[in-house]
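Asks: Work out the full structure, taking the sequences as your base and the hints as a guide.
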Amino acid sequence: DTEVTQTPKHLVMGMTNKKSLKCEQHMGHRAMYWYKQKAKKPPELMFVYSYEKLSINESVPSRFSPECPNSSLLNLHLHALQPEDSALYLCASSPQGGNTIYFGEGSWLTVV
Amino acid sequence: RKEVEQDPGPFNVPEGATVAFNCTYSNSASQSFFWYRQDCRKEPKLLMSVYSSGNEDGRFTAQLNRASQYISLLIRDSKLSDSATYLCVVNPGYSTLTFGKGTMLLVSP
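Sequence lines, in order, name chains W and D. The first sequence begins at 2 in the numbering used here and counts up by one. The second sequence begins at 734 in the numbering used here and counts up by one.
Keep in mind that the hints were calculated from the coordinates and are not lab data. For clarity, every value in this text was computed on a predicted model and none was experimentally measured. Where hints are given, some of them may not hold.
With a Cα cut of at most 30 Å, we get these calculated DSBU-like pairs of lysine-lysine [said to hold, decoys possible]:
(1) K41/W to K23/W
(2) K23/W to K812/D
(3) K775/D to K42/W
Derived Cβ-Cβ restraints for the label pairs, each shown as a range [said to hold, decoys possible]:
(4) E748/D to S72/W: 36 to 46 Å
(5) E59/W to K775/D: 17 to 27 Å
(6) R774/D to K19/W: 20 to 30 Å
(7) S782/D to E59/W: 17 to 27 Å
(8) S72/W to P842/D: 20 to 30 Å
(9) T17/W to L813/D: 42 to 52 Å
(10) Q97/W to Y784/D: 13 to 23 Å
(11) Q97/W to D740/D: 23 to 33 Å
(12) K778/D to Q97/W: 43 to 53 Å
Listing some non-contacts, in silico: residues in chain D with all C-beta distances to chain W over 10 Å [stated by the list, open to error]:
(13) E776
(14) P777
(15) S805
(16) N824
(17) L839
All C-beta atoms, glycine included, are put in the ideal place defined by N, C-alpha and C.
Replies: Next up, the structure:
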């Protein structure tokens with residue numbers, strides 16, 4: 002079982018809603034990630050936090066806003082999303098950047 | 734050239750068969766290599782890291798050829814439960830990993 006916990010597992014939101022995805026890990030990992038995955042595609046990197054600081058933003062639209070409150074938590078704030086943003090959003094962590102990463106079970110997001 | 738390339742498959746094999754997947758990578762400075770397994774509508778899970786000397790874990794053998802820049806995964810005595818998508822993952826030397834598009838394996842009775 003994964004030690005990276007994501008909530009909620011499923012989320013349906015309208016295009017005018019504001020919602021957040023949450024991720025938690027207690028493995029002492031210092032790097033945390035958000036990935037987006039569409040059907041039949043590999044995970045696509047969105048953001049990387051290293052030692053609680055944003056180190057990589059893969060040109061993600063501003064309607065996605067990450068936040069790292071502490072070394073164990075990672076949030077993804079969602080606002081004014083589009084239907085094409087519907088996907089599986091995966092949180093992951095690693096002891097440090099570039100090492101083996103461990104994924105959470107993901108949050109299935111549907112934008113209507 | 735894509736950074737990490739895999740044959741998407743699907744590979745259809747009967748139970749008990751041996752099947753091999755290859756993956757090529759473009760960045761010769763890549764430092765570490767992995768195989769992940771992803772079941773339908775589930776998260777990717779680490780199957781094994783790949784070392785220069787090759788490594789084996791039960792029915793699974795991974796090998797790395799740095800000169801030719803490819804990685805392989807061999808599955809012996811396939812089980813129905815091996816049916817999944819196998820993702821080749823490479824650390825190109827930056828702080829993140831690069832994923833291949835995955836190879837789908839279907840093991841039939």
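Asks: Does 20 to 30 Å hold as the CB distance between R774/D and K19/W, or does it fail?
Replies: For R774/D and K19/W the Cβ distance comes to about 26 Å; the hint holds.
Asks: Taken at face value, is the distance from the CA of K812/D to the CA of K23/W at most 30 Å?
Replies: violated (35 Å)
Asks: Falls inside 20 to 30 Å, the C-beta gap from S72/W to P842/D?
Replies: Distance hint for S72/W, P842/D is violated at roughly 47 Å.
Asks: Would the least Cβ to Cβ distance between N824/D and chain W come out above 10 Å?
Replies: With a cut-off of 10 Å, N824/D comes too close to chain W, as the shortest Cβ separation is near 5 Å.
Asks: Between S782/D and E59/W, does the beta-carbon spacing fit 17 to 27 Å?
Replies: Taking Cβ atoms as reference, S782/D and E59/W lie about 24 Å apart, which means the hint holds.
Asks: Starting from the range 43 to 53 Å, see whether the pair K778/D and Q97/W falls in it by beta-carbon distance.
Replies: 20 Å Cβ-Cβ, so the 43 to 53 Å window is violated.
Asks: Are the Cα atoms of K775/D and K42/W separated by 30 Å or less?
Replies: holds (13 Å)
Asks: CA of K41/W to CA of K23/W, is that 30 Å or under?
Replies: Holds - the C-alpha atoms of K23/W and K41/W are around 24 Å apart, at most 30 Å.
Asks: Does P777/D clear chain W by more than 10 Å, comparing its Cβ with all Cβ atoms of that chain?
Replies: violated (5 Å)
Asks: For E776/D, which was marked as not at the interface, is the minimum beta-carbon distance to chain W over 10 Å?
Replies: Contrary to the label, E776/D does not stay out of reach of chain W, its closest Cβ about 4 Å off (not over 10 Å).
Asks: Could you say whether the range 36 to 46 Å given as a hint is met by the Cβ separation of E748/D and S72/W?
Replies: holds (45 Å)
Asks: Regarding E59/W and K775/D, is the given constraint of 17 to 27 Å on their beta-carbon distance met?
Replies: holds (23 Å)
The earlier numbered hints that this structure contradicts are 2, 8, 12, 13, 14 and 16.
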